[in-house]
Structure formats: structure tokens, C-alpha cells
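Protein chains: 2
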Amino acid sequence: MFFTLNTSAIVGTILVKLKGFQKLTLTDQALQTWFNTLQIDKPKTVSVPLQEALGRILAKDLIAQEDLPRFDKSAVDGYAVRAADLVGASQFKPVILQLTQDQQVNTKQARQIWTGNPIPKGGDAVVMLENTKKRNTELEVWTQLAPGDNISKQGEDIQKGTIALRAGIRLNPYHLGLAAAQGCTQLTVTEKPKIAILATGNEIAELGTERSPNQIYDSNKTIIKAMLDELGAQTNDLGIAKDNTQEIAQKIQNALKTNDIIVTTGGTSVGGLDLVPDAINMLGKPGIVVHGVALRPAMPTALATLEGKPVLILSGNPVAAIVGFEVFGRPLICKMLGMPKEEPRPMVKATLTRRVTSALGRKTYVRVHVSLKNNEFVAEPVSTKGSGSISTMTQSNGYLIVPENREGISEGESVIVHMFSSLEDKTYV
Amino acid sequence: MFFTLNTSAIVGTILVKLKGFQKLTLTDQALQTWFNTLQIDKPKTVSVPLQEALGRILAKDLIAQEDLPRFDKSAVDGYAVRAADLVGASQFKPVILQLTQDQQVNTKQARQIWTGNPIPKGGDAVVMLENTKKRNTELEVWTQLAPGDNISKQGEDIQKGTIALRAGIRLNPYHLGLAAAQGCTQLTVTEKPKIAILATGNEIAELGTERSPNQIYDSNKTIIKAMLDELGAQTNDLGIAKDNTQEIAQKIQNALKTNDIIVTTGGTSVGGLDLVPDAINMLGKPGIVVHGVALRPAMPTALATLEGKPVLILSGNPVAAIVGFEVFGRPLICKMLGMPKEEPRPMVKATLTRRVTSALGRKTYVRVHVSLKNNEFVAEPVSTKGSGSISTMTQSNGYLIVPENREGISEGESVIVHMFSSLEDKTYV
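Line order of the protein sequences matches chains V and Z.
Everything in the first sequence is counted per this note's numbering, starting at 3 for the first residue and increasing by one.
Everything in the second sequence is counted per this note's numbering, starting at 3 for the first residue and increasing by one.
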């Protein structure tokens, strides 16, 4: 019913309800319109132990408190020496140095040193073990060196006072390692935004409950919760509301008190009625700011603002809900997490194995399975038959986006695929 | 001291200690040799609530318990009809049907239906709302249909009795969605392997403690723990052992009682002494099976087996520890998690912006920063100066592997980069 070509033929009340869809909003414009109505504060921050910071978003630049390395240290196993003593040294003309145990290396002296040890005073280079021969208290050296050879200089990795880690990054194991090397035991990260998820629909039954023969189990809340878990948000399950505007409005109103974002699924076009949009518009201004987007699937997605907070109204069709969340939910969550811009999924450029079609004027998300064959990445579109089926997601590992100004993509074209699962991951159905 | 070109020049005790390195083992062969000595049982399994299964590895095939959809359902908002009644219908020659509220659609009848509703008995197609006009108890229909039009057939997504999800996959949000649609409230996943991590070295201080001027804070345990967290393993921190063979052996022996894998860092070549390998060889057979690999960085990595369990002995240099874990730890953990093969990192093919060099005969891991410029992926090598520096990891988002049979890669060549961080993620230092 979103293909409003024959709107003149549609009865009155439906016509009114369809108004929003007579013009579909482009996704970029929809997002911009929505963001303009939101009051998104700078994210709150929280200090967490370093070991628990993996995957969190760094809230403020981490300034190096000390040089790294904190002292000049040996990069090899060998002997600390003075380079000037070794001028002309070779295997044919070794230089003889006196071995010392002191913390100071004087002229014509050498002190044994292992990788990572501080360079003793007076030393300015390290000769590698294999370029020497120890003879009692003397050392034969067969190579000449420049000052600084085989030394990791103080501050060469990170200099005190510089930015070691920049605010807004998602902390990976190596970021944590750098923080540890700086002696950090805690990191300041952004608080997880709180997101309430409400499913709607008389036909939907809660997982783990009895259901009637006409009902199906809700899968949308499971999917959206997991997508939010992956991003690092905190979720609250609001359960399932019946197709009843009052009930939906009540649940959303309550949830607004303790959550930063509300996400709903279904009821954006139930039997020609926009129950969730109607419920939201009852609750305050501006309410619904976009309804109906030039996106396939996920055309009936609506975007709303209540009390300055975002409400994302997703389709009840699981694949449309996923794509709607991908297009509008992800950038929102990234923003609320304090990331400078939307975090891209891993991408790969691949050759399309089969033509895909799309409608001009709609951004189209095509599920594909990417694999590496003979050192070339190929993207196989997952059957569009039953494109509303969740199995099209489990058989794919990524999607490609056909932009609004294209009608499909030809076989053999090079496409950028956004990966959501591993290259090897394939669920055969 | 691993460049054993001048071994004849090295004094006796060191020569003995260097034995293992006079021949470096190729990484593939090293991994095979190690795996051959291990007794890795099929992973134990555990049933977890669906909502907690994200990122876990499915332990056994999930067989569909019912068709999905479980009944023929409408794919659109409209009216359930019998296709045979509509032969010849058009806007110029509408067919008139009688509206019914019954659960049965008889000849010349139509029943209103919304997306997702079961098709009432007798109906075999759904006419879309916009191709109809309701007139009191009658419906004008302006289009003809084939049987099955606008119906999602029972089992079209998943058929009962078929494999819905295959064992060994890492569960993503869409896998969970499919399981939810099947009514699953629990999933059987593999147990997380237990991995003990021990740092060694007199020069290493525990994070959060006082340290002497010659000591540095341990970062390796933090990094390895986080890399294991990412893979979905369980970690136990064994703290730091001094450079003392007895102490190291004691800690490893204790840890073997309650852990599946031991990972150590440092002490694989401390001052020419292989403290950790020596400690391991004291504890039983076969002990060390590989010591010294044709890998850069991470050449001093050692692989051992005690009581049939793997012991991974990583370098004390953080970047070498990371690469050693990447090459030997990841495939091991994937195997113990019950994955059919090593889970690849996201990959991207990119154009190298600058020549990189490597030594023939060594597999070389080069850190690069990949970005998308004018729709092309480019990989910028991160300065090799201070290649042991952790900042080379935080400034990169992936690595490329120069194989053993190549001496570097030229500027402008196309390379496959294994990504460990987001395309946007860049820490400016």
C-alpha cells in the first residue's frame, strides 16, 4: 500500500492515512530532519577499569603522562658501548673493549645488556651479541656503529604530553595496551545510551509464551537488542503492545522517563492504520517528523521526536526492521555514544556475480554473500524471492547499497559491500 | 640474536641456547606440528538464553521445528480472493466481489486482510488495497491475479526439518532472530575455553602497583586478555613471574590444573636464556615442540604441549606478542571454540601507497592504515621506525601479510588487508 500510484482509487480514511507516503523522504534528508529536532546532549562519561573498557568509546583524549619508552632502552641483546670507540672495527680488524658491570660505560668499555634494558650512562649504541666475542674480561667487537644504533629512544613510541588516544575511538585491544603501558588503570568512556524496545501487533507472541494458531513469535526485539548490544548500548525490553493506540502511547510515555531512545517495531502501517505514529503524535510535539522513506526494504519507517528524545518506528517485517535500524538507528547510536561520525561496518570491494534490480528513486539494500575465490572477492546476491525472509539475512554476510539514482547493478560490476558477518560464515538452509 | 649468521662467533652456552633458532620453522608447519601434539577434545557445550547467545559459537545444527512462515500469509494489505474469480479484471472492466467476515472465502467473495495475516480457507491470492474500491458490502477489483500472488507461502523462509543454523557459526543478531522466529528460547553453544595468561620478566611491573625506575608496566596481559575477550574465551590472570625458571614452572603447573590453554609473554629469550621454554621442558613431554619461527615480528615465539594442552609462549615485545597470538593463538582458539576453521578477520583489497620491505624466508606482518578515498581503498604502511612500538598498532587498522617467498611489496600493488579496527578509526599520535 505504499506504492501510491492509484491513490485516487483509495477510500477516504485510507487516503488520509496514506498522506505521509505520497512523498517518500530520501534517507539522508530524513536523518537530517530528524537530527535537527533532537536535543542530544554530549554523552555522560564514566570511568571504568581498563580491563572492562574493550569496545567502549573513549570519552576524552588520553594525554601521555610519560614518554614511552620511558628511558632509552636496548632494542637487542648485546653490549652497550660508545660508538666513537668502534670507528673502523670489522671482522678483520676487531676493536677490543673492557667489560664492565658498572652503571656507567666509559671510553673503551662495554656492558652486557638485554632487550628492553635501560642504556647505561655513557653508552650511546648497542652492539649485537653476534657481532662480538667475549674473552674473559674483554670483548672483541667486529662492527662499527653510529650513535643511537640498536637503541629505542625515550619517547620514540609516544611523547609525554601528546595525545596517545583520541576521544571517540572504539577501544580495541591495542588501545588498551597503550593505555596500560602508560600506567592507566581506568579509562573514561561514554555511558551506554539506554534504549527501550517495544514490539507491537496482535499477531505477535512473546518468545517463551503460548501463542494462538494465528500468532507468530516476536523476533524483532531479539534482533534489535542484539544489534544494540553490538554497538554497545543498553537495552530495556518493553514487551509487546497490542494494536491499540492507547496502550502503545502509554508504554512509550512511561519508557521516555527512563530511556534515551525508544525503538518500536510494527504498527507503522497496520491494516492501513498508523497506530504507532498516531500514538506518538498524541504524546506531544513535534511527534512524527518523517513517515515513509525512499528505502527498500523499510519504506514505512517513521522517525519521531518526543521531549527532545528520538523515537525510531521500524516496520514489523524483520528484514525491513533491520534495514531501518541500519540506516537510522546506527548513526543515532554512534552519535549518542560520542563517536565523531557513524562507525562504518567493515567494507570490501567485490565483483557482483549476478545482476540485481532496484527501483529508481529508492535506496536499496541488497543482501549478498561475499567470498574470496582465487584471491578475488565476489559478491553473490542472496535470492530476492522471499526478500522479507529472515533467512536472506542468515544466508548473507553483507549488503550492498544501490543508490537512489541507479536502477540495479549489472553482473560483473565492482561493488562495495558492508560486512556484518565473517567471510566464512554461511548458513545453508 | 636470532639472526644466526655468525653462530660460530657466539660463545658456548649461548650457542647451545640458540640451537632452536638455527633453523626457523615456517608458520604453517609450526602450527601443524603443534596441533599434532595436542589432545583437543570436542568442545563442551552449554545451553544459554537466546538473549545471551550473541557472539557465541553454535554447538550443534539448529533444526527447524516448524515451517517459517508457519502458515500461508499475506505479503500486503488488501483482500484475500480466489484468483479464478478475477480473470479478465481491469480498471476498465472491474470484477465485483462480495465482502465477507468469515474465516472462509467462497467463490466471488473477498475478505479484508493485512500484511502477515493468515490466508483464509478458500483464498489463493491477495489483491492489493490500491487495486480495489470498497462499496458498502461489495468490492470492485481492477486487476487479475495468478494463484499465490501476494502470498508468502508456508515454509518459504525455512522448511520444518531442515537445518536453520549450522553448527560452528558465530551467532549474529540475524541468527538469533531466526532462532526466535522458531520459538527457541535457549541455544546450545560451545563453552568458552579457559585461558591462563602469565607475564614474565624482572623488568615488568603489574599495572596499578609501584614500579622501580628500570621497570615498565605490563601491557601484554591487557592486550592478550582483550584479544581473547574478542574471540569469546575466558581468561585467568596469573600475574607476573620473575625471571626464575622455578617460579615460572610452578605457575604454569598450577595453571594447567584448571585451564585449557596457557599463554605466556616474555622470557622466551631473556638475555640469551630461554627461561620459559626451559621451565616448560622441566614440566613434562613433549614440552617445547617449536621454538623460533620464520615470522617477523614474533620470531622467538615458542609452541609447547604439556598434558596434551597447548602452551603458547609469546615474545615480551608487545607487537611481537600480538603477531604471535594472531598467527598461533587465533587458530587455536577458533578450533577450541568449535569453529570449522579459523575465523577470518574482515578483509579488504587495497592499493599500497608506499613500498614495504621484508626479509625473504620470513612471513612478515606489516601494519597499515586503510582508508576509502574516491571510492578506492588505499593502504598506507605505518612507519616501520620503531616497529616494536605499540603505537604502530594504534595508528593502524589492519595488517597485510608479506609471504615467505617475497621480498617486500611495491608501491601501487594491490594487497589484501586483514582489518582489526574500523576504517574511520585513527589515533593520531
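Warning: the hint list may mix true and false statements.
Copies of the same chain look alike in the list, so a pair counts if it fits in one copy or across any two.
[As the list claims (entries may be wrong)] Straight-line alpha carbon distances no greater than 30 Å define the calculated DSSO-like cross-link-like pairs of lysine-lysine that follow:
id	residue 1	residue 2
1	351	135
2	244	136
3	162	95
4	375	62
5	375	337
6	123	343
7	136	25
8	135	311
9	46	337
10	62	136
11	311	351
12	110	162
13	95	135
14	196	375
15	123	244
16	343	375
17	351	337
18	244	343
19	135	25
20	95	287
Worth flagging that the hints you see were computed from the coordinates, not collected in a lab.
Consistency of the hints with the structure:
1. 351 with 135: neither (54 Å within a copy, 48 Å between copies)
2. 244 with 136: between (86 Å within a copy, 27 Å between copies)
3. 162 with 95: neither (43 Å within a copy, 83 Å between copies)
4. 375 with 62: between (43 Å within a copy, 28 Å between copies)
5. 375 with 337: between (37 Å within a copy, 23 Å between copies)
6. 123 with 343: Neither way: residue 123 and residue 343 sit 48 Å apart in one copy and 52 Å across, limit 30 Å.
7. 136 with 25: Only across copies: residue 136 and residue 25 sit 24 Å apart there, 85 Å inside one copy, limit 30 Å.
8. 135 with 311: neither (73 Å within a copy, 40 Å between copies)
9. 46 with 337: within (12 Å within a copy, 40 Å between copies)
10. 62 with 136: This pair counts as neither: shortest intra-copy Cα distance 52 Å, inter-copy 61 Å.
11. 311 with 351: neither (37 Å within a copy, 40 Å between copies)
12. 110 with 162: This pair counts as neither: shortest intra-copy Cα distance 34 Å, inter-copy 83 Å.
13. 95 with 135: So residue 95 and residue 135 pass the 30 Å test inside one copy only (13 Å; across, 104 Å).
14. 196 with 375: Intra 42 Å, inter 35 Å, cutoff 30 Å: neither.
15. 123 with 244: Between copies, since 25 Å is at most 30 Å while 78 Å is not.
16. 343 with 375: between (33 Å within a copy, 17 Å between copies)
17. 351 with 337: Classified as both: same-chain Cα gap 27 Å, cross-chain 29 Å, threshold 30 Å.
18. 244 with 343: neither (36 Å within a copy, 45 Å between copies)
19. 135 with 25: between (84 Å within a copy, 22 Å between copies)
20. 95 with 287: neither (88 Å within a copy, 46 Å between copies)
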